[in-house]
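Enquirer: Chains Z and X are the protein sequences, given in the same order.
Using our numbering, the final residue of the first sequence is 273, and nothing's skipped along the way.
Using our numbering, the final residue of the second sequence is 565, and nothing's skipped along the way.
To be clear, the hints were calculated from the coordinates, so they are not data collected in a lab.
All the given hints hold, so there is nothing to weed out.
Straight-line C-alpha distance at most 25 Å; calculated DMTMM-like pairs for lysine to aspartate or glutamate:
| hint | chain 1 | residue 1 | chain 2 | residue 2 |
| --- | --- | --- | --- | --- |
| 1 | X | K530 | X | E510 |
| 2 | Z | K4 | X | D459 |
| 3 | X | K440 | Z | D236 |
| 4 | X | K340 | X | D421 |
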Amino acid sequence: MKRKGPAIIVNLLLIVGAVLTAFPLLWMLSVSFMPTGAASTYPPPLLPAEPTLENYRQLFANHNAGRYMLNSAIVASLGTLIALVLNTMAGYAFAKLRFKGRERIFQILLGALVIPAQVTMIPLFALVKEMGLISTYGGVIVPVMASVFGIFLIRQYALSLPDELLEAARIDGASEAKIFWSLVVPLLQPILVTLAILTFLATWNDFMWPLIVLTDQKLHTLPVALAGLSREHVQDNELMMAGAVITVVPVLVLFLALQRYYIAGILAGSVKG
Amino acid sequence: MKRSMAAWWFVGPALMVMGVFFFVPVLGALLMSLTDFDLYALSDWRNLRFIGFHNYVTLLQDPLFWKSLWNTLYFVVLGVPLSIGASLGAALLVNSKLGRFRSFFRTVYFAPVVTTLVAVAVVWRYIFHTRYGFLNYGLSSVGIDPIDWMGDPQWAMPAIVVMAVWKNFGYNMIILLAALQNIPEDLYEAARIDGASGWQVFRHITIPGIAPVLLLVSILTMTGYFQLFAEPYVMTEGGPLQSTLSVLYFMYEEGFKWWSLGRASAVAFLLFVLMFLVTAFQLRLGRQRGER
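I would like the entire structure built from these sequences, with the hints used as guidance.
Expert: Right, here's the structure in full:
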């Protein structure tokens with residue numbers, strides 16, 4: 001039984017790590033249920049003495065949180081939908097269809113991964129303005145509609161589809177569109193879920209581009225609205241925590257439900273380097 | 274021939290979208306950085322003037338730009354090793370066969386990664402609150418006087434580093450965990466038979482086994498950290514005394530506060546070049562180590 005000591009240390013460290021990691025999120029949740037001013041005391045209270053939903057009521061009644069939530073949901077869903085269609089079609093073609101310059105184009109795309117999106121932001125703003133898309137849902141989703149990462153993700157998965165299956169369908173006289181829709185898409189289903197959740201969370205959480213392109217407050221997404229609100233209400237900690245909760249909880253729940261797919265995406269993405 | 278045509282229908286839409294909204298803007302950034310693109314040019318392109326490298330020259334003479342550059346480097350130099358260290362520690366713990374409920378802990382450690390940066394920055398600003406924040410309360414119990422985290426130019430950036438480590442370590446943990454699990458079990462077995470100590474095993478089996486992945490995650494983390502923006506925007510507004518003004522924050526203010534879009538493009542390009550050079554340098558260093 002000489003292994004008992006290390007086992008206790010490992011488990012203890014695991015627990016300490018978990019407490020440190022979870023604490024900010026749990027405290028956020030707890031403070032969001034405290035009445036105004038209750039969190040501005042010393043020592044800081046861990047749990048609300050008199051739990052209240054007042055902060056959430058205020059957020060939705062006075063600060064338009066419902067609208068921002070709707071904006072976030074629309075932007076993230078729309079972006080995810082378009083990204084799924086465009087990336088899946090392209091990823092499948094790069095894996096399984098033959099066309100001139102295929103390898104070349106794919107190499108160029110991979111090379112473009114070194115360019116950070118921020119480089120494009122200023123010209124993109126000018127472009128989006130020319131197109132009349134400033135302060136529109138369309139303007140926000142422009143950079144997420146197609147991505148090298150998405151195409152890469154789908155391609156790697158699609159490479160494993162058996163060629164004989166596709167050939168057999170072709171010999172049966174199925175069109176390329178039909179093969180894609182009724183044969184390939186069902187087979188790609190797991191990776192589609194991965195791409196969907198990665199894109200949805202990234203779009204929901206995105207900040208800099210929506211901040212730049214959404215000049216009209218009515219169209220703000222939750223992160224943009226929360227950043228603005230937190231500058232105006234520096235002292236209202238309870239209200240701010242409630243705002244953080246409604247921003248974070250939807251994505252956390254989604255992640256917990258589809259965790260397996262999300263992790264698979266990260267691991268697939270890390271191979272690209 | 275028909276099939277090749279069909280293929281273009283599949284890749285065409287994505288390539289077109291990326292061409293218009295990514296590749297054209299990249300070229301656009303380069304061109305714009307050579308002009309005096311401003312609010313007047315934005316409303317009417319005829320007001321645009323080509324000014325050569327003027328933006329770059331004035332930027333390199335602007336102390337605020339240098340300040341933002343040093344701040345960003347400080348954040349990277351402090352944040353990347355701490356993040357990788359935390360990720361490696363967490364990965365080793367979660368990978369240890371001695372631990373229980375390991376998948377539960379893995380999920381908890383990963384949770385901050387999926388949270389919204391702006392929201393958790395708001396939460397951390399409160400945790401760092403001088404009087405009512407939990408951190409100073411915790412520190413006071415071990416006899417450390419309250420620190421004005423967000424108000425002291427010395428402490429604001431380290432505070433942001435702490436929050437960034439918390440937010441990001443789970444991501445690399447997952448990648449390192451996969452690498453750890455790829456190390457063959459018999460290597461450990463052989464070391465045990467030879468009577469190697471825990472440290473020797475770590476130093477001579479674990480680290481070499483995950484070295485390529487370690488290089489990869491440090492490059493990924495570094496390029497991510499060079500793009501510091503939302504944390505200072507929410508927590509400090511770049512202050513105090515511009516001690517948390519990052520390059521991207523500087524670019525944002527140049528571009529969308531002062532509407533010097535040409536100058537802001539030059540900032541973006543300089544940041545890109547810097548990131549590229551540092552990545553190339555790290556890759557070379559990694560390759561040399563690998564050959565030895």
